[in-house]
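Asker: One-letter residues, chain by chain:
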Amino acid sequence: MHFLTSNAPFIEPQNSIQKMMLWVLIALTPGIATMVWQFGYGVLANIVICATTALIAEAVMLSLRGRPIRPFLSDLSAVVTAVLLALALPTLAPWWLPFIGALIAIVIAKHLYGGLGYNPFNPAMIAFAILIVSFPKSMTVWVLPQSLLPTGTSFLDVFTPLTDQQAKKALIDAITAATPLDEMKTQLNLNKTVEEIRTSAVFGNLAGQGWQWVSIAYLIGGLVLMYKKIITWHIPAGLLFGLFIISFIFYLIEPSIKPSPLFHLLSGGAMLGAFFIATDPVTAAASLKGRFIYGLLIGMLTYIIRTWGGYPEGIAFAVILINMAVPLIDHYTPPRVYGHK
Amino acid sequence: MKLWRFNGGLPSLAEHKNESVHLPIETAPVPKQLIYPLGQHIGSPAKPLVKIGDKVLRGQKIANAQGAISAPIHAGSSGTVVSIADHLIPHPSGFSAPSITIQTDGQDNSIEFKPQPDFRQLPATELVQLIRDAGLVGLGGAAFPTAVKLNTQNKDTPIDTLILNGAECEPYISCDDRLLKERAHHVVEGIEILLYITGAKRAILAVEDNIPDTFTSIQQAVAQNGNGAICAVQIPTIYPTGGEKQLIQTLTGKEVPSGNIPADIGIVSTNVGTVYAAQQAIIEGKPLTSRIITVTGEGVKKPHNLEVRIGTPINALIDVCQGYTKHADRLIMGGPMMGFALLNDEIPIVKATNCILVASQQEVITEKQAMPCIRCGLCASACPVSLMPQQLYWYSQSDQLEKAEKLNLFDCIECGCCDVVCPSHIPLVQHFRYAKSALKVQKHEKHLSNIARERFEAREKRIAREKAERAERARKKKAALQKKPAKEEIEAAVSRSKAKKTPLEEKD
Chain A
0 MHFLTSNAPF IEPQNSIQKM MLWVLIALTP GIATMVWQFG YGVLANIVIC ATTALIAEAV
60 MLSLRGRPIR PFLSDLSAVV TAVLLALALP TLAPWWLPFI GALIAIVIAK HLYGGLGYNP
120 FNPAMIAFAI LIVSFPKSMT VWVLPQSLLP TGTSFLDVFT PLTDQQAKKA LIDAITAATP
180 LDEMKTQLNL NKTVEEIRTS AVFGNLAGQG WQWVSIAYLI GGLVLMYKKI ITWHIPAGLL
240 FGLFIISFIF YLIEPSIKPS PLFHLLSGGA MLGAFFIATD PVTAAASLKG RFIYGLLIGM
300 LTYIIRTWGG YPEGIAFAVI LINMAVPLID HYTPPRVYGH K
Chain B
0 MKLWRFNGGL PSLAEHKNES VHLPIETAPV PKQLIYPLGQ HIGSPAKPLV KIGDKVLRGQ
60 KIANAQGAIS APIHAGSSGT VVSIADHLIP HPSGFSAPSI TIQTDGQDNS IEFKPQPDFR
120 QLPATELVQL IRDAGLVGLG GAAFPTAVKL NTQNKDTPID TLILNGAECE PYISCDDRLL
180 KERAHHVVEG IEILLYITGA KRAILAVEDN IPDTFTSIQQ AVAQNGNGAI CAVQIPTIYP
240 TGGEKQLIQT LTGKEVPSGN IPADIGIVST NVGTVYAAQQ AIIEGKPLTS RIITVTGEGV
300 KKPHNLEVRI GTPINALIDV CQGYTKHADR LIMGGPMMGF ALLNDEIPIV KATNCILVAS
360 QQEVITEKQA MPCIRCGLCA SACPVSLMPQ QLYWYSQSDQ LEKAEKLNLF DCIECGCCDV
420 VCPSHIPLVQ HFRYAKSALK VQKHEKHLSN IARERFEARE KRIAREKAER AERARKKKAA
480 LQKKPAKEEI EAAVSRSKAK KTPLEEKD
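Residue numbers (numbering that gives the first Met the number 0), protein chains in the order written: chain A, 0 to 340; chain B, 0 to 507.
Hints listed in this document are in silico derivations from the structure and should not be mistaken for laboratory results.
Watch out, some of these pointers could steer you wrong.
[Unchecked claim] Label-pair restraints from in silico Cβ distances: (1) A:F249 x B:S397: 39 to 45 Å; (2) A:Y117 x B:T26: 54 to 60 Å; (3) B:H446 x A:Y117: 33 to 39 Å; (4) A:Y117 x B:I462: 49 to 55 Å; (5) B:L447 x A:R335: 30 to 36 Å; (6) B:T124 x A:Y117: 57 to 63 Å; (7) A:R335 x B:Q128: 39 to 45 Å; (8) B:R4 x A:T28: 31 to 37 Å.
[Stated by the list, open to error] Per the computed footprint, the stretches of chain B lying under chain A, defined by three or more beta-carbons under 8 Å from a beta-carbon of chain A, are: (9) 251-258; (10) 367-379; (11) 384-392; (12) 414-423.
Every residue, glycine too, gets a C-beta built ideally from N, C-alpha and C.
Model the full structure from these sequences, guided by the hints.
Answerer: Quick look at the structure:
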């Protein structure tokens with residue numbers, strides 16, 4: 000009797016990209032829920048706009064490039080990129096901001112570089128960086144957390160159809176503010192001390208009011224990813240340790256004008272970046288040692304940008320810059336192979 | 000005993016042992032034909048000692064070892080040699096190779112065996128020779144001549160530890176398990192022989208911890224034997240812990256340096272089936288003509304553990320298992336992780352065959368859509384030799400083979416762990432096999448072109464040298480012609496003319 004042949008191993012694969020991406024999305028839900036709780040439903044609108052745009056852009060690009068559409072669309076990688084971008088955008092951003100962002104992420108940062116697996120830069124962070132450079136005003140206006148909204152107002156008030164532009168502007172001013180990182184930076188530039196600045200209502204016990212809980216929710220989601228072995232501890236630990244150690248050193252030197260390590264760890268995109276963005280395997284270093292170094296460099300660079308750079312938050316730029324260093328890191332950090340010294 | 004942990008591996012690999020593990024070893028009937036590929040071991044193929052028409056007996060040597068690394072082949076039953084020609088051999092590419100075919104006569108007459116129950120009366124070198132004459136090769140799958148492995152008497156590093164590999168980590172296979180369960184005493188006796196030959200201080204027989212019953216029977220056999228140097232150990236069931244290097248690491252914490260063999264660090268490691276064969280070869284005087292294999296999978300009606308004559312065509316064993324089921328889809332020799340698919344079932348069992356897996360479509364996932372590598376690194380985490388398969392893949396698919404080699408491509412043991420964990424379903428091992436063979440071809444071609452270049456350069460040099468020598472000779476000759484004649488010849492001519500003139504004058 001004759002048989003067909005094929006190559007070993009003859010075993011059902013244990014993983015799929017779809018399964019991994021699905022777990023990333025599941026692990027993001029605590030963070031998303033906390034965002035909704037603290038900042039209202041705007042984040043969901045961002046997610047819907049980003050995801051829809053990303054999926055359509057992905058399908059169009061795949062067909063333009065003559066690639067099979069179904070397996071690549073159903074791998075959920077475009078959705079993960081879209082959601083990560085959506086989470087980094089202001090919750091009350093105008094509709095075109097997530098739309099343009101998702102287009103940049105999928106068309107430019109992903110497919111123009113060769114699609115899944117070939118992009119050297121994190122697509123969500125490229126989109127974020129282009130948006131913040133191009134539309135700084137829209138990108139920095141955040142709604143106040145629920146607890147700080149003036150009585151009688153809601154985050155939905157931005158949608159109130161007011162013909163009086165003056166009144167509308169006043170209302171928006173009342174319910175929005177700079178992020179805690181932004182506020183800290185602006186006030187420090189006005190020669191105030193950290194202690195003085197932190198008396199402002201936008202700061203909580205740990206970091207920014209509202210933001211601190213979102214950060215902790217991302218941390219919990221990240222631990223789920225580690226438990227499910229979707230990510231290893233190396234990048235998050237490297238990033239958080241890098242951010243911690245450098246902020247701790249400067250905090251020790253000048254505690255009056257340098258915020259504490261805890262503030263840095265629980266502000267802005269540190270937790271989201273550590274567990275969900277820097278861990279994007281395509282753009283990260285390959286070996287475990289390399290990944291720790293990769294994370295470490297992002298953490299330290301984030302602090303440098305936050306402290307001495309022009310932008311209040313540095314995660315996006317740090318990730319992109321260290322993405323560029325990945326081939327170098329890979330070159331110097333191969334693991335020791337069995338039987339070699 | 001302290002155990003170590005190798006990197007990665009697959010702790011949660013489905014074992015599929017239940018299909019066959021409870022089945023006692025049965026002896027397969029003598030088939031009508033026995034087919035012996037001459038190159039069924041590592042090293043030079045054996046050289047036929049018989050011609051067509053010769054009558055042979057069971058145990059008769061029909062092909063002799065050729066060169067230092069080789070092994071002889073013995074007839075598995077009595078009969079007539081009917082052909083010495085190319086026959087399909089067990090090979091992933093479906094090759095044919097020179098083979099001896101014997102038509103059996105059903106008598107199963109054998110030669111007279113020469114038992115050596117008091118093996119300690121003989122020197123180790125003589126026992127090694129007996130093992131070589133018995134045609135022993137590694138029965139775990141590598142088929143390396145056992146005598147070469149045991150020939151450690153003149154090595155710099157004395158052998159300290161003998162490792163007996165009973166870690167049958169491939170799914171589906173249970174032949175070593177059954178052997179240890181049913182014939183533990185023979186195996187322990189075989190261990191004593193190998194201890195005597197190698198001079199090792201201790202012998203460790205290792206089995207995975209998923210076969211506690213078998214472990215108990217081993218322990219009983221060891222206790223009855225009473226040799227304090229032999230100990231039995233259970234090790235965690237993690238594929239590929241039965242790989243030689245992984246087992247050595249698990250038991251001793253030592254790594255075999257890349258490019259070396261275990262003997263270089265004072266270890267000899269051998270499969271338990273081989274130890275049993277050594278016991279048979281020395282104590283009973285029987286050369287290697289049969290082995291135990293597992294025939295299993297959803298593609299056969301009744302899985303079996305069988306003691307078969309080496310050379311038996313697979314279809315004869317399928318008959319023993321009451322034929323194929325309608326699900327039979329792939330015919331695999333070896334296990335599902337490292338085995339290979341065969342084209343047809345007329346191919347014979349060879350010394351290295353431990354399993355025939357007739358897999359169904361469900362068991363063998365063949366329709367996998369490979370996606371691009373996302374560099375997730377699951378492969379690197381699973382690699383038992385700590386390679387970075389994602390990088391090796393990147394370089395081998397883009398034909399940057401030297402870079403892949405630099406990342407130690409040749410240390411890959413092709414265990415398949417990376418394939419199984421890859422979320423992109425990339426046939427990684429296949430890529431690595433390709434890259435390895437392409438590199439070997441490249442090296443060979445480079446070697447050939449180097450030789451050609453050297454030859455060409457030598458020729459050019461020789462021509463230049465000869466030309467220079469010729470020129471030098473010509474110059475010397477010319478110089479000699481110019482220098483010498485100038486004075487001497489003028490003088491000679493002068494004296495000649497003087498001589499001519501003088502007599503004339505005298506005459507005058």
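Asker: For each hint, tell me whether it holds in the structure or not.
Answerer: Now for the hints, and whether the structure bears them out:
no.: 1; hint: A:F249 x B:S397: 39 to 45 Å; result: holds, 44 Å
no.: 2; hint: A:Y117 x B:T26: 54 to 60 Å; result: holds, 57 Å
no.: 3; hint: B:H446 x A:Y117: 33 to 39 Å; result: holds, 36 Å
no.: 4; hint: A:Y117 x B:I462: 49 to 55 Å; result: holds, 54 Å
no.: 5; hint: B:L447 x A:R335: 30 to 36 Å; result: holds, 35 Å
no.: 6; hint: B:T124 x A:Y117: 57 to 63 Å; result: holds, 60 Å
no.: 7; hint: A:R335 x B:Q128: 39 to 45 Å; result: holds, 41 Å
no.: 8; hint: B:R4 x A:T28: 31 to 37 Å; result: holds, 35 Å
no.: 9; hint: 251-258; result: holds (count 5)
no.: 10; hint: 367-379; result: holds (count 11)
no.: 11; hint: 384-392; result: holds (count 6)
no.: 12; hint: 414-423; result: holds (count 7)
This entry satisfies every hint, going by the numbered hints stated previously.
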